[in-house]
Amino acid sequence: MRDIIIGGMSDRFAVPDCAPRKGDEASNVACRTLTEVLRNDLKFESIQLVPDNLMAAIPPQNLDAPNYVDWQGINATMLVTMRAWVTGGELTVEAKLHAVNAGKAILAKRYAGKADNPRFFAHQLSDEIMALTNIGKGVARTKIAFVSNRDSENGRTKELYIMDYDGYNPRRITVNKDINITPAWSPDGRSLAYTSYRRKSPDIFLASIFEGKSSNLTNGSGQNFAPSFSPDGKRIAYSSTRGGNSEIWVANADGSGPRKLTSSPGLDTAPVWSPTGQEIAFTSDRAGTPQIYVMDSEGLNVRRLTNVGNWNDAPAWNPAKQFSEIAYTSRIEGGFNIAIVDFATRQVRQITEGRGSCEYPSWAPSGRHLTFACGRGGKWQIGVADRDGRSVTMLPAGPGKNEQPDWGPGPALQ
Amino acid sequence: MKFPRLVLTAVLVAGLAPLASAANKDMERLYVQIATLQGQIADMQRASEESLKEIRRLNEVLAEQNANLQKGVHDQRVQSEALQASVRELNEQISELKERMDGMRQAAAPPTVYTPGGAAPPVAGAGTVPPGATVPPAVGTTVPPGTAPPANAPPPRELYSQAYADYARGNYDLAIQEYREYLRLYPSTDFSDNAQYWIGECLYSKQRFAEAVEAWDELLRTYPASDKLPDARLKKGMALERLGRRRDALAEYRVVVERYPNSEAGRKARERLSP
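So the protein sequences, as listed, match chains U and S.
Under the numbering used here, the first residue of the first sequence carries the number 1, and numbering increases by one thereafter.
Under the numbering used here, the first residue of the second sequence carries the number 1001, and numbering increases by one thereafter.
It is possible that some hints are incorrect.
[Claimed, not checked] Derived pair list, reagent style BS3-like, types lysine-lysine, alpha-carbon separation capped at 25 Å:
| id | chain 1 | residue 1 | chain 2 | residue 2 |
| --- | --- | --- | --- | --- |
| 1 | U | Lys-321 | S | Lys-1206 |
| 2 | U | Lys-137 | U | Lys-321 |
| 3 | U | Lys-96 | U | Lys-114 |
| 4 | S | Lys-1206 | U | Lys-234 |
| 5 | U | Lys-200 | U | Lys-260 |
| 6 | U | Lys-213 | U | Lys-200 |
Worth flagging that the hints you see were computed from the coordinates, not collected in a lab.
With the hints as extra help, turn the sequences into a complete structure.
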C-alpha cells in the first residue's frame, strides 16, 4: 500500500461528486455533504484540488472503475471516488484513493455508522489520505475547545464548549452556570483542564469529557489560573497566588505535589510547555510590561523572549518539532494581534491584521495552523490561520461571545 | 428659591410692629431675631451653595488635570518603552558587532580564557550521528591561534539562534554540535558562556548526566565570571543526584546557597537541602 508517497505540493487531487448508490433524498444529501466536507478538509491541509470546471469536462463514467486516461487529461495525479447510501438510519460510505498515473487504487475504505453526521466520515477519509502524504498528520478529526456566554442567563457566566476543527457540531462541556475559562486539552484528548470560579475563588478543574466528571485540582489554595498539560500528560503547569504573588507552579496531572517554579516580584502567568517538555514559556511583567519569558521546566535559565512592543502575552509553543517557534498576543500599533517568533531566525511575523483585536493563539497538533479569538465591537469569534498568516478564516462557532480557543489533539481513544 | 421666604418674613415682622405692646416687646424682639436669623441662614445657604458649586468646579478642573497628567504619564511610559526597545535593539547590534570584532581580533591575539578543544567533553551521541552528516567539520578542534573565523563561517548570532532552535525541537546532538562550533569560532563573546551552559543542558535533556556535569564544570573553569554559574551549579547538583551521587549533589547545593543566596537557583538549592 505504501509504495506511492503522495507529495503534497506536487500532486493534484480530483474529488468528483460522491455518487449515491440509491436515489433517495437521504442518500443524496449525505453524498453532497461528504463531497463538500472532504474538499474543504483537503484544501485546508493545503492539498491542491483540480478545479470544478476541469472536472466538468470528464465524460460520465463508472466511479468504481474510473478511466484513468480521462483524469490524466486534466492533470489530476490523485483521484478520490466516493459512493454512499443511507438505509434505516445508517450511512455507508465506500471511498477509494486512486493514483492516476499508476492506474490503480492505493486506498480503499468502507465506513458505516449513524447517518446523523456524515461530516465525520469525510473528516476520517481526509485524515486517512493525509496519512499517505509527506505533508504530515491530518487534523480533520481534531476538536477545538472554547469559552462562550451563549447559554448565559445574565450574560456574565461562561461555559466551555468543544467543536469540530471547522467550527461545526459545537457541544457544551461545563454546566455549572458560573465563570469557566482558559480550557486546555490533555494530550490524550479525553479531558480539559480549565479555570473555574464556581467556588468563588478561581481554581483549576479537570473535566473528563466522556465520563462527564469534573475534579478540583487546586482546592482553593490561592487563586489559580490558566492550566497547561506537559506533552506527556503527566504534569500540569498553572499560575497561582497561593504564595502571595502570582507565580508559575507545576503539579502532577492529578494536582498532587505542587511546586513553585518562579519567584519574581512581578506577575507570572499563562505557562505553556515546549514540545520536548524541557521548557516552559510564560508571561511576566517583572520588567514593567507583560513580556514572554522562557525557562527550563525546573524554573532555571530564565530568558526574556520578546523585545519588541509593550504588551506581549499568552504564549503558545508550536507542538510540531520541525517548527521551532512561539505564537503570542502582541499589542501592535494600539491593537492586539497574533505574532510568531521564530527561534532560528529571531524574526517576528504578524499573523492577523485588521480584524479588530485578535488574541489567545493555540496551535493545531500538526503545527501547521493556529486558532485564536478576534473581537470587534463587542463581538468575539474564533478564527483559524495557517502559520504563515495566509488564509485567515472565521469559524461558524455559533452565537454568543466565543473566545479563548484551545486546539485539541486527534480523536481520543474511546 | 429662598429669597421670597426672606421677604415674607420681613413683611410679617414690619406688619406686627405698630401693634406691639410692652408685653409684646419681647415677642417683637423675638420675631426680629428670628427674621434676622432666618436671613442669616438664607445667606449662609446661598454662600454654601456657591461654595459647593465652586468645589464642584474645582473638582472638575482637578479631574481634568489628573486625566492630563495620567495621559502624560502613560505617553511617557509608552515613549520610554519604545526607547528601551530601541536601546535593547542597539545593544544587540553592538554585541553582535562585538562578536564579529572579537572573531577578527583572534587573528592578532588568541583568547586567554578559552581552552582549546581538548578540554571539551566528548561529543554526545557521536556514535549515533553519522560522521560529518550535517555537522560542520573539525568539531573539537579550535581555530588555531592567529586565525580569524573563515570568511564563510556563519555569523555568531545566526549560529547561536540555530543551536537553540535545534535544542528546543529536541535535536540535542545537532544543538551540541552547533554550540561547539559557536565556541570554536567565537570563544569569547557575551554568549560564549551561554553556549557552554547549553551544551550541559542538551546533555542533561539527553539524560547523559555524567557528561552534563563535565560540561558545566567546563563552564566553571572557562567562564568563572559567567552569570549562568548559579543555574549551572544547581543543575550540576541535580545531574549528580540522578547519577546517585547524593552527597556530591548536596555539597553543590550548599555552595549555591552560600554564594548565590538571593538568586532563583539559591532559593531552589535551599528547597533541595531541606525538602
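Hints and how they fare:
1. U:Lys-321 / S:Lys-1206: Holds: U:Lys-321 and S:Lys-1206 sit about 16 Å apart, inside 25 Å.
2. U:Lys-137 / U:Lys-321: Holds, because 13 Å separates the two Cα atoms, which is no more than 25 Å.
3. U:Lys-96 / U:Lys-114: With a Cα-Cα distance of about 21 Å, the restraint between U:Lys-96 and U:Lys-114 holds, given a limit of 25 Å.
4. S:Lys-1206 / U:Lys-234: holds, 19 Å
5. U:Lys-200 / U:Lys-260: holds, 23 Å
6. U:Lys-213 / U:Lys-200: Distance of about 20 Å is within 25 Å: holds.
Checked against the numbered hints given earlier, this structure breaks none of them.
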